[in-house]
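Input sequences plus hints: build the corresponding full structure.
In terms of the numbering used here, the sequence shown opens at residue 1 and continues consecutively.
Quick caveat, the hints were computed from the structure, so don't treat them as lab data.
There may be inaccurate statements among the hints.
[To be verified] Pairs of lysine-lysine, BS3-like flavour, derived with a Cα cap of 30 Å: (1) K56 <-> K9; (2) K34 <-> K9; (3) K34 <-> K56.
Since this is a predicted model, take the numbers as computed values, not measurements.
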Amino acid sequence: MAILVDFQKTREDSARVEYRFGHPELDRLLVIEKSTREGTPADGTVDRTYAAALTKILRLQRERETWPTGGTYAA
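Structure, rendered in structure tokens:
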């Protein structure tokens, strides 16, 4: 089964970074604690869409050493 998830950074401070994510609409919110790199979906729904967005964001952050402004997970 294919999955496509877009994400866009909406807010960042010294402790957290927030992203809107989804497809085709960015209708969900993900908050990542920078110190632990743990993500929490604002709606409490932990599913494939959430996991895909979080995985891609964390991978890009590790590679670039900065939080990505946006992107897409496609598999």
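Hint-by-hint comparison with the structure:
Between the alpha carbons of K56 and K9 the distance comes to roughly 13 Å, so the proposed pair stays at or under 30 Å and holds. The hinted pair formed by K34 and K9 meets the criterion: a straight-line CA distance of about 14 Å does not exceed 30 Å. With a C-alpha separation of about 15 Å, the suggested pairing of K34 with K56 holds against the 30 Å cut-off.
Hint check: no violations occur; every hint is consistent with the structure.
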